[in-house]
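Mind docking chains R and V on chain P? Use the hints.
If you read the protein sequences in the order shown, they are chains P, R and V. Using this note's numbering, you'd call the opening residue of the first sequence number 1 and step up by one each time. Using this note's numbering, you'd call the opening residue of the second sequence number 1 and step up by one each time. Using this note's numbering, you'd call the opening residue of the third sequence number 1 and step up by one each time.
No wet-lab data here; the hints were simulated from the structure. Please note that the accuracy of each hint is not assured.
[What the hints assert, rightly or not] Simulated pairs of lysine-lysine, DSS-like, Cα-Cα distance not exceeding 30 Å:
no.	chain 1	residue 1	chain 2	residue 2
1	P	K56	V	K184
2	P	K56	V	K4
3	V	K184	P	K28
4	P	K56	V	K270
5	R	K12	V	K194
6	V	K181	P	K139
7	V	K215	P	K146
8	V	K4	P	K20
9	V	K181	P	K28
10	P	K86	V	K345
11	V	K183	P	K20
12	P	K139	V	K4
13	P	K56	V	K215
14	V	K202	R	K3
15	V	K184	R	K12
16	P	K139	V	K270
17	V	K183	P	K56
[What the hints assert, rightly or not] Some, not all, of what chain P presents toward chain V, calculated at C-beta under 7 Å:
no.	residue
18	Y31
19	Y35
20	P37
21	A60
22	S65
23	C82
24	L97
This one's a predicted model, so the numbers in the text were calculated from it and none came from an experiment. Here a beta-carbon is modelled for each residue, glycine too, at the ideal position from N, C-alpha and C.
One letter stands for each residue in the lines below.
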Amino acid sequence: MHEEIVISGFGGQGVMFMGKFIAYIAMKEGYRLTYMPSYGAEVRGGTANCTVIISKEEIASPLSSSPSTIVVMNKPSLDKFCPRLKKEGLLILNSSLIDKEPERSDIKVIKLPANKLAEDAGNIRSANMVMLGAYLSLKKLTSVEKACRLLQDVLPERWHGLLEVNRKSLISGGDFAQR
Amino acid sequence: MKKVFSLPESMKDVWTHYCPGCGHGVIHRLLGEVIDELGIREKTIGVAPVGCAVIAYDYFNIDMTEAAHGRTPAVATGIKRILPERVVFTYQGDGDLAAIGTSEIIHAANRGERITVIFVNNAVYGMTGGQMAPTTMLGQVTATTPGGRDSSAGYPLKVSELLAILPGTVFLCRTAISNPANIRKTKLAIKKAFQVQLENKGFSLVEILSPCPSYWRLSPKEAKEWIEEKMIPNFPLGVIKGNLKDA
Amino acid sequence: MSEKVLMCGNEVVGEAAIQAGCRFYAGYPITPQNELTAYMARRMPEEGGVFIQAESELAAISMVFGASLAGARAMTSSSSPGISLKQEGISYLAGNELPAVIVNMMRGGPGLGNIAPAQSDYFQATKGGGHGDYNLIVFGPANVQELAELMGAAFDLADRYRNPVLILGDGILGQMMEPVKIKKRVGKLACPEKDWILTGAKGRSPRIIRSLILKEGELEKHNRHLQDKFRVMKEKEILYEEEGIDDAEIILVAYGTSARIAKAALNQVKSEGIRAGIIRPITLWPFPEKVIADVSSRINCFLVIEMSAGQMVEDVRLAVSGKCPVHFYGRTGGGVPTAEEISRKIRELL
Numbered sequence: 001m002h003e004e005i006v007i008s009g010f011g012g013q014g015v016m017f018m019g020k021f022i023a024y025i026a027m028k029e030g031y032r033l034t035y036m037p038s039y040g041a042e043v044r045g046g047t048a049n050c051t052v053i054i055s056k057e058e059i060a061s062p063l064s065s066s067p068s069t070i071v072v073m074n075k076p077s078l079d080k081f082c083p084r085l086k087k088e089g090l091l092i093l094n095s096s097l098i099d100k101e102p103e104r105s106d107i108k109v110i111k112l113p114a115n116k117l118a119e120d121a122g123n124i125r126s127a128n129m130v131m132l133g134a135y136l137s138l139k140k141l142t143s144v145e146k147a148c149r150l151l152q153d154v155l156p157e158r159w160h161g162l163l164e165v166n167r168k169s170l171i172s173g174g175d176f177a178q179r
Numbered sequence: 001m002k003k004v005f006s007l008p009e010s011m012k013d014v015w016t017h018y019c020p021g022c023g024h025g026v027i028h029r030l031l032g033e034v035i036d037e038l039g040i041r042e043k044t045i046g047v048a049p050v051g052c053a054v055i056a057y058d059y060f061n062i063d064m065t066e067a068a069h070g071r072t073p074a075v076a077t078g079i080k081r082i083l084p085e086r087v088v089f090t091y092q093g094d095g096d097l098a099a100i101g102t103s104e105i106i107h108a109a110n111r112g113e114r115i116t117v118i119f120v121n122n123a124v125y126g127m128t129g130g131q132m133a134p135t136t137m138l139g140q141v142t143a144t145t146p147g148g149r150d151s152s153a154g155y156p157l158k159v160s161e162l163l164a165i166l167p168g169t170v171f172l173c174r175t176a177i178s179n180p181a182n183i184r185k186t187k188l189a190i191k192k193a194f195q196v197q198l199e200n201k202g203f204s205l206v207e208i209l210s211p212c213p214s215y216w217r218l219s220p221k222e223a224k225e226w227i228e229e230k231m232i233p234n235f236p237l238g239v240i241k242g243n244l245k246d247a
Numbered sequence: 001m002s003e004k005v006l007m008c009g010n011e012v013v014g015e016a017a018i019q020a021g022c023r024f025y026a027g028y029p030i031t032p033q034n035e036l037t038a039y040m041a042r043r044m045p046e047e048g049g050v051f052i053q054a055e056s057e058l059a060a061i062s063m064v065f066g067a068s069l070a071g072a073r074a075m076t077s078s079s080s081p082g083i084s085l086k087q088e089g090i091s092y093l094a095g096n097e098l099p100a101v102i103v104n105m106m107r108g109g110p111g112l113g114n115i116a117p118a119q120s121d122y123f124q125a126t127k128g129g130g131h132g133d134y135n136l137i138v139f140g141p142a143n144v145q146e147l148a149e150l151m152g153a154a155f156d157l158a159d160r161y162r163n164p165v166l167i168l169g170d171g172i173l174g175q176m177m178e179p180v181k182i183k184k185r186v187g188k189l190a191c192p193e194k195d196w197i198l199t200g201a202k203g204r205s206p207r208i209i210r211s212l213i214l215k216e217g218e219l220e221k222h223n224r225h226l227q228d229k230f231r232v233m234k235e236k237e238i239l240y241e242e243e244g245i246d247d248a249e250i251i252l253v254a255y256g257t258s259a260r261i262a263k264a265a266l267n268q269v270k271s272e273g274i275r276a277g278i279i280r281p282i283t284l285w286p287f288p289e290k291v292i293a294d295v296s297s298r299i300n301c302f303l304v305i306e307m308s309a310g311q312m313v314e315d316v317r318l319a320v321s322g323k324c325p326v327h328f329y330g331r332t333g334g335g336v337p338t339a340e341e342i343s344r345k346i347r348e349l350l
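For reference, chain P alone in the conformation it holds in the complex:
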């Protein structure tokens, strides 16, 4: 297995958290990994992205010029990263915020109304977990059930009241991707 994932969206959409959570899952599953955030002066509302590389082998570069998966939470992210996606790569797209069709036919596309599914699960801010649920169910890094268990390790304690909503969102994203 060698997977290079780029996750991208607005600041505040939980992009970095999602990347760190994937990295944590990969570590727990015994893989080698690197997690690299974009870092900038913007905090809320700016653009944010991160790269997670997961492999059985030693990881050379922590950067990815042609990722095998991209998770895009908003339109600017689609425009920026879709051209870089590897041939046959996986695009997970938040259709709640992106009404545009990807301009490539050589990739696999999953469209997910993540904001709506998150709202249905109880909190629109867990859209990132909807996207993650979809990713896990497609790429089988770990099971959605195990991810639900690991969530409390990485979610800061002050947010533990939201564990249930996040778990529901993970499952809902996973189910949607399977359909």
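For chains R and V alone, coordinates are given in the frame of chain P:
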């Protein structure tokens, strides 16, 4: 015959390099006497500045170090935070403390560092050859104010007053060594400043108006008069913050 | 920490320093190393250590100077523009023979530059940086685990030689998270008894720590003594990693983050049958010149990769001394080379 005057144990029995009539010798002696009287010689660490007193460590019989120009209070901060039971002082001139080290003195004071600062204000840079200091008087001729300092080069900086508004400062006092009475008051102020540190109360500083006959181009006697006539009206003496009681 | 944890490089620096016995940190905020300052603010008090957010880089390094001469293992950190300010204090530390560890998570320059990762402070780090004849041991870690290990080594070497040690990372290394195991230090630290520190002259003659040496000929003597130390460091402390250099036709030389990207390129071109190797200096000073010199007469050429306009390449050229061509590929101003760019360059050269 009873011996009434001898070298403080806190000083080395050596000649200093200071010019005739310079104030550093007197201030060193006062500092040495105070350290002796407080019985803290074996737990005191001093930080010498860059300036005329740069080799002060050769004259004191205590542990001492140097600092980059103006960073004296930062070095003292590092020492004191690691060794809070020791007594730490800086010895700084007006260039070191009030020009290049303005940031360090203000922030050490604002943090209320438990250090004591001996600030020697002689209104001129001595070591480098008599250039304008931040405390140079208006009209005073120096190597870099050949026509006399005018306000476009800034006004004589009153650091002690500036520091007084900071909650971290506990004892601030300005003295002079222009006559024996003032010298006695200076010693009292130095002692109080160390006591404040020993009682772990906060930051203490004594600003001492001190003669520099060489770069004031005056005789030692005239230099003392110049302090009283020119400097004191601009740099008023007395306790600026805290009190002198119990010193 | 016996189990692997997921931490970013900046936080790993902090924890590894604490585990190595560091009990004094003074710093000033600058991106991309702010996680370290925040980490120390939280962790130092827990360990009975001192954390100070200094008023400037100048003050921070001077506070480290004070803490070091009082006997503590002390450190500071910053990124490029802040490290320029610290050069004053670093020169004083070297002149006064005071141990300290300085971390530079480099960003794009010159001037304020940007906050993107860069390697353009190599000259500053390895050629002295401040005024006077001195050197620092400079480590260029390439991953988070190595960063943790080199932090421990940095404090040991700083004490052993009574000289500052610099960790030269970049924004990527500081921000990147990787699983890491940080060795917990138990028992006595590897530092020798410090019989030179200032503690107050109790029951002994006073000590003076100073770099001002005015007596005729004495400063030269002091400098010769420093140079003797630097010579020993050159003999004993060189670290590097190499891969596939024995039968290589081309050898890449790169450190830190660029070495990782170079390795990715290496894997690409090897699969095409190109015999390529890599030398990764881990100490940038002292520089592993011998291994470079040794292979230079049997290969076609070197290719040096840096996130700079070409700085370490000069040391490679000095080591090679004209025995084979030394090529360079770099990106500057916060640009990061891609593995594809490097592979293309390798194919071009052969």
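Going through the hints against the structure:
1. P:K56 / V:K184: holds, 27 Å
2. P:K56 / V:K4: holds, 16 Å
3. V:K184 / P:K28: holds, 22 Å
4. P:K56 / V:K270: With a Cα-Cα distance of about 19 Å, the restraint between K56 of chain P and K270 of chain V holds, given a limit of 30 Å.
5. R:K12 / V:K194: Holds, because 25 Å separates the two Cα atoms, which is no more than 30 Å.
6. V:K181 / P:K139: holds, 28 Å
7. V:K215 / P:K146: With a Cα-Cα distance of about 73 Å, the restraint between K215 of chain V and K146 of chain P is violated, given a limit of 30 Å.
8. V:K4 / P:K20: holds, 15 Å
9. V:K181 / P:K28: holds, 14 Å
10. P:K86 / V:K345: Since the Cα atoms of K86 of chain P and K345 of chain V sit roughly 22 Å apart, the hinted pair holds (cutoff 30 Å).
11. V:K183 / P:K20: holds, 23 Å
12. P:K139 / V:K4: holds, 24 Å
13. P:K56 / V:K215: Since the Cα atoms of K56 of chain P and K215 of chain V sit roughly 63 Å apart, the hinted pair is violated (cutoff 30 Å).
14. V:K202 / R:K3: holds, 27 Å
15. V:K184 / R:K12: Violated - the C-alpha atoms of K12 of chain R and K184 of chain V are around 46 Å apart, more than 30 Å.
16. P:K139 / V:K270: holds, 29 Å
17. V:K183 / P:K56: Holds - the C-alpha atoms of K56 of chain P and K183 of chain V are around 24 Å apart, at most 30 Å.
18. Y31: Constraint on Y31 of chain P not satisfied, violated at 9 Å.
19. Y35: holds, 4 Å
20. P37: holds, 6 Å
21. A60: holds, 4 Å
22. S65: holds, 4 Å
23. C82: violated, 18 Å
24. L97: Since chain V brings no Cβ nearer than about 26 Å to L97 of chain P, farther than 7 Å, the hint is violated.
This entry does not satisfy hints 7, 13, 15, 18, 23 and 24, going by the numbered hints stated previously.
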